[in-house]
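Chemist: Line by line, the protein sequences give chains C and L. Just so you know, we're using the numbering used here here: the first sequence kicks off at 1 and counts up by one. Just so you know, we're using the numbering used here here: the second sequence kicks off at 1 and counts up by one.
Hint data in this document are derived by calculation from the structure and do not stem from the laboratory. Mixed in with the good hints, there may be bad ones.
Unchecked claim - Sample of chain L residues with no beta-carbon within 10 angstroms of chain C, all distances over it, derived:
id, residue
1, Ser245
2, Trp336
3, Ala438
To be verified - The calculated EDC-like cross-link candidates involving lysine to aspartate or glutamate, where the alpha carbons are at most 20 angstroms apart (straight line), are:
id, chain 1, residue 1, chain 2, residue 2
4, L, Lys94, C, Glu344
5, C, Lys86, C, Glu259
6, L, Lys290, L, Asp280
7, L, Lys204, L, Asp165
8, L, Lys145, C, Asp238
9, L, Lys412, L, Asp442
10, L, Lys94, C, Asp376
11, C, Lys384, L, Asp112
12, C, Lys384, L, Asp165
All values derive from a computational prediction rather than experimental measurement. Note that CB positions come from ideal geometry on N, CA and C, so glycine has one too.
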Amino acid sequence: MTELIHLSADALAQQLAAKQVSAVEATQAYLDRIDAVDGAVNAYLHVNTEEALLVAAEVDQARADGDTLHPLAGVPIAVKDLIVTKGQPTTAGSRILEGWQSPYDATVVQKLRAARMPILGKTNLDEFAMGSSTEHSAYGPTRNPWDLDRIPGGSGGGSAAAVAAFEAPLALGTDTGGAIRQPGAVPGTVGVKPTYGGVSRYGAIAMASSLDQIGPVSRTVLDSALLHEVIGGHDPRDSTSLTDPVGALVEAARLGQVEGMRIGVIKELQGEGYQAGVLTRFHESLELLRSAGAEIVEVSCPNFRYALEAYYLIMPSEASSNLAKYDGVRFGLRVVPEGAATIERVMGATRAAGFGDEVKRRIILGTYALSAGYYDAYYGSAQKVRTLIQRDFAAAFEQADVLISPTAPTTAFKLGEKLDDPLAMYLNDVATIPANMAGVPGLSLPGGLADEDGLPVGIQLLAPAREDARLYRVGAVLESLLEDSWGGPLLAQAPAVPQITGRNR
Amino acid sequence: MSALTDEVLTFDEAMEKYDPVLGFEVHVELNTRTKMFSAAPNAFGDIPNTNVSPVDLGLPGVLPVVNGTAVESAIKIGLALNCSIAEKCYFARKNYFYPDTPKNFQTSQFEDPIAHDGYLDIELADGTVFRVEIERAHMEEDAGKLTHMGGAAGRIQGAEFSLVDYNRAGVPLIEIVTKPIEGAGARAPELAKAYVAAIREIVKNLGVSDARMERGNVRCDANVSLRPHGRETFGTRTETKNVNSLRAVEHAVRYEIQRHAAVLDSGTPILQETRHWHEDTRTTTSGRPKSDADDYRYFPEPDLVPVVTNDAWIEKLRAELPEPPAERRKRLQADWGYSDAEFRDVVNAGVMSSIEDTVTAGVSAAVARTWWMGEISRRAKLADVDPAEPGASPALIVELNALIESGKINDKLSRDVLDGVLAGEGTPAEVVEQRGLAVVSDDGPLLEAIDGALAAQPDVADKIRGGKVQAVGAIVGGVMKATRGQADAGRVRELILQRLGVEG
């Protein structure tokens with residue numbers, strides 16, 4: 001069964017279609033793997049054993065009956081616990097939603113169900129997706145399969161670690177400032193943030209509505225394209241959803257192409273603050289692309305230097321409003337304080353007990369930034385910076401078809417290392433945030449191991465809005481060139497995860 | 001801060017020293033099929049918390065979608081109020097914690113309302129026209145309904161617990177805000193009532209709201225401030241919330257003017273605050289302090305894209321607008337030739353549309369008025385219902401009138417026929433048949449009755465013979481009595497005069 005879980009989603013899908021393996025076998029293999037290693041990794045907050053096996057059995061039956069099935073039917077998937085699912089708890093990594101079950105499915109979950117992909121469970125995350133390390137989960141941190149003392153990235157560390165530790169072939173993440181791409185890079189997986197509006201947000205618990213986007217996490221570029229086509233497309237329940245069709249992403253990933261493409265290196269996203277080993281691997285990737293016929297050009301995005309600051313005004317502002325609904329009145333945790341239980345005191349006690357420190361920090365920041373007298377200076381200025389970043393992207397995409405940078409300035413840091421230094425933690429997202437601020441799509445893929453620590457380095461590709469296919473076209477080529485140089489997938493070099501079972505469930 | 005019973009001056013005393021400045025925020029609930037941002041039904045009076053979707057409850061993960069019909073209704077209201085319609089406008093979040101607001105923010109509009117800078121000409125009872133400037137009309141969602149249990153007076157303070165009904169949460173609202181209304185003087189209370197009545201009439205006429213104030217479809221917040229005669233700057237205002245009948249609007253404005261005057265006269269500043277209106281005592285009490293800097297932390301709603309309008313769409317909606325109520329009234333009065341007093345009575349009785357339909361169906365305006373203001377209104381008043389409600393219809397009036405004109409029945413009999421129809425006995429013709437109400441048109445029985453009547457009143461007969469033709473009425477009356485009203489009085493008169501050999 002070890003081999004089965006090492007298959008890419010594409011390869012598994014082909015074996016399922018050829019009836020070389022059953023969906024129940026594949027799903028059970030992943031459930032067994034979760035049982036074996038998730039005690040160490042803590043990628044899952046909830047494992048959906050019964051339903052996953054039921055769906056798998058239905059797929060097998062349908063296939064036996066000769067029904068036409070979706071290409072990914074029977075391929076299991078993990079879902080970030082920020083995305084609501086009927087029949088399973090959804091916690092957003094927070095105590096305030098402990099035990100809550102959604103009465104409705106997110107649009108992307110409906111699409112997974114329509115494709116008949118067994119949902120293995122819900123993955124861990126920083127509380128309400130606020131963090132870059134998954135340490136801010138109320139249910140304990142997820143650990144990096146490469147080194148259990150290190151962070152798996154965040155906020156979608158659970159999804160990335162589950163895929164990296166072969167606890168799922170595919171996962172859904174959400175990306176507000178890099179939460180798919182950065183944890184994709186840190187444990188050596190592929191993560192894609194689609195164009196804003198390319199995937200419905202209906203049912204993704206909002207952190208910052210104008211920045212949030214659901215996207216795929218996988219072990220290969222092609223697998224992300226396969227999943228992206230399942231979840232993408234217009235949704236009338238999301239007003240910000242694009243009306244464009246999702247596009248031929250799988251075809252782009254299968255064909256791949258960099259010849260004649262102009263690939264722009266963003267001057268501002270390298271150099272100071274970037275780990276030497278990260279930059280070495282980054283420059284190797286540039287050489288590989290050049291050797292494959294791409295033209296490497298340098299572009300300048302001078303306003304990116306303000307992106308982090310602007311992001312940390314817009315994101316908390318929207319979050320402070322989005323998280324107001326968690327008040328103990330209608331759902332989730334309710335804390336009734338001693339003494340006279342007025343509505344104000346119940347709301348206050350509930351939020352005091354239900355939210356963790358990072359969430360409170362951002363609510364306070366956002367509330368302040370939106371306050372009368374400060375709005376123009378903070379939120380208003382940040383929105384202006386956002387416009388400038390969009391202009392920088394527009395200008396850069398005049399000179400280049402795709403942009404490239406390291407996904408994160410460093411490799412995985414140690415658990416607890418930056419927990420007391422929010423600013424250092426925030427700096428981790430410096431390269432991923434601009435894409436969210438402009439709504440453009442981004443892809444992160446593994447670029448090798450840093451010499452100094454032997455940990456994965458991420459390479460980020462960025463394309464103009466609605467040109468997600470370019471990411472897959474270039475990403476597939478780079479991935480293939482890199483794997484040729486390594487003699488196989490990067491994850492094959494990862495150490496075995498110690499088998500510790502049943503810690504969290 | 002406010003005493004149990006506030007001091008007030010008389011209205012006349014207040015007017016001697018001060019000019020009132022008014023301002024209104026009127027909330028209109030739209031009658032769209034679904035809510036402002038969800039597909040849940042927009043319906044009044046259903047079992048609590050049945051017309052809710054995950055969106056209305058603000059469950060984690062939900063997103064709003066704008067109701068296109070509500071946007072069209074907002075534009076129509078804007079056009080009817082002579083407003084400019086924004087080419088592009090945004091929704092905004094108004095953040096505050098309150099359990100009737102599921103998301104703890106209200107999705108509203110802030111800096112750029114869909115309609116702005118309009119006016120409405122308000123005609124007062126004596127025909128004076130007063131122009132009220134409209135600052136804006138914007139779209140937003142209604143809150144749920146709280147019922148506080150176990151406390152005094154249904155207020156949240158002191159309640160043991162509160163029940164929330166989210167059926168109303170998310171119902172589309174249009175908030176119409178006036179600019180400060182100056183120069184109304186002593187007519188301010190009257191103007192206040194007339195303004196709200198005009199808004200109610202307009203939205204009802206547009207068909208965009210049920211406009212029933214008793215159901216909260218139209219709700220008024222009335223702002224009042226006073227300034228001494230001759231002063232330019234405005235005084236401090238109070239906002240009396242949720243004044244929900246036309247009469248109450250008039251009374252609340254009057255009361256606040258009197259109260260402000262007393263406070264100002266005592267040398268105390270007015271506290272800027274909201275006030276609660278109490279219908280039973282016709283007074284207001286202090287609500288909460290309200291500063292201009294109430295911090296709702298407005299910011300553009302990131303879950304919604306801007307509403308973009310275009311000329312073609314706006315002009316199409318403009319073309320669909322019904323005739324404005326004030327213009328319609330002018331046209332109808334001219335067409336019907338009613339005096340101002342007659343027309344005002346018709347309007348006040350609420351039968352203008354019924355008369356219009358009746359006239360359209362071919363009955364003269366005078367006859368239509370006689371019916372609707374006479375027999376039908378009288379019956380409605382007795383039953384304490386709307387004149388349209390006892391079941392009288394323009395079609396019925398047409399039939400009754402045709403029976404009279406053909407001589408089949410007379411005026412008196414027609415009342416009996418109306419009673420029969422309203423009692424459910426069938427069509428007018430059927431009632432005539434069944435009740436045997438037709439006019440006696442055979443001269444034989446009539447002559448017999450005339451002879452009887454003449455014999456009974458020989459002195460009257462002599463007078464007539466002597467040339468006092470006007471005395472014939474007494475004999476006619478006798479004949480009508482003898483025939484139980486079923487005679488054509490005109491024919492009876494003719495026959496009496498013939499009988500007595502007198503020229504009519």
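Chemist: Check the hint pairing Lys86/C with Glu259/C against an upper bound of 20 angstroms on the C-alpha distance.
Modeler: Distance ~46 angstroms between Lys86/C and Glu259/C Cα, so the pair is violated.
Chemist: Between the alpha carbons of Lys384/C and Asp112/L, is the straight-line distance 20 angstroms or under?
Modeler: 19 angstroms, holds
Chemist: Going straight from one Cα to the other, do Lys145/L and Asp238/C come out at no more than 20 angstroms?
Modeler: 27 angstroms, violated
Chemist: Under the criterion that the straight-line Cα-Cα distance not exceed 20 angstroms, is the pair Lys94/L, Asp376/C satisfied?
Modeler: Holds: Lys94/L and Asp376/C sit about 16 angstroms apart, inside 20 angstroms.
Chemist: Is the straight-line distance between the alpha-carbon of Lys94/L and that of Glu344/C 20 angstroms or less?
Modeler: 18 angstroms, holds
Chemist: Does Lys412/L pair with Asp442/L here, judged by a C-alpha cut-off of 20 angstroms?
Modeler: This hinted pair holds, its Cα atoms lying about 19 angstroms apart.
Chemist: Decide if the proposed pair is consistent with the structure: Lys204/L and Asp165/L, CA atoms, cutoff 20 angstroms inclusive.
Modeler: Outside the cut-off at roughly 26 angstroms; violated.
Chemist: Verify the proposed pairing of Lys290/L with Asp280/L, using a straight-line Cα cut of 20 angstroms.
Modeler: 25 angstroms, violated
Chemist: Hey, does Ser245/L actually stay past 10 angstroms from chain C on C-beta?
Modeler: 30 angstroms, holds
Chemist: Please verify that the nearest CB of chain C lies beyond 10 angstroms from Trp336/L's CB.
Modeler: The claim holds: Trp336/L sits with its nearest Cβ about 50 angstroms from chain C, beyond 10 angstroms.
Chemist: For the pair supplied as a hint, Lys384/C and Asp165/L, is the alpha-carbon distance within the 20 angstroms limit?
Modeler: With Cα atoms ~41 angstroms apart, Lys384/C and Asp165/L exceed 20 angstroms; violated.
Chemist: Check the non-interface label on Ala438/L: least C-beta distance to chain C beyond 10 angstroms or not.
Modeler: 65 angstroms, holds
Hints 5, 6, 7, 8, 12, counting from the list given before, are not met by this structure.
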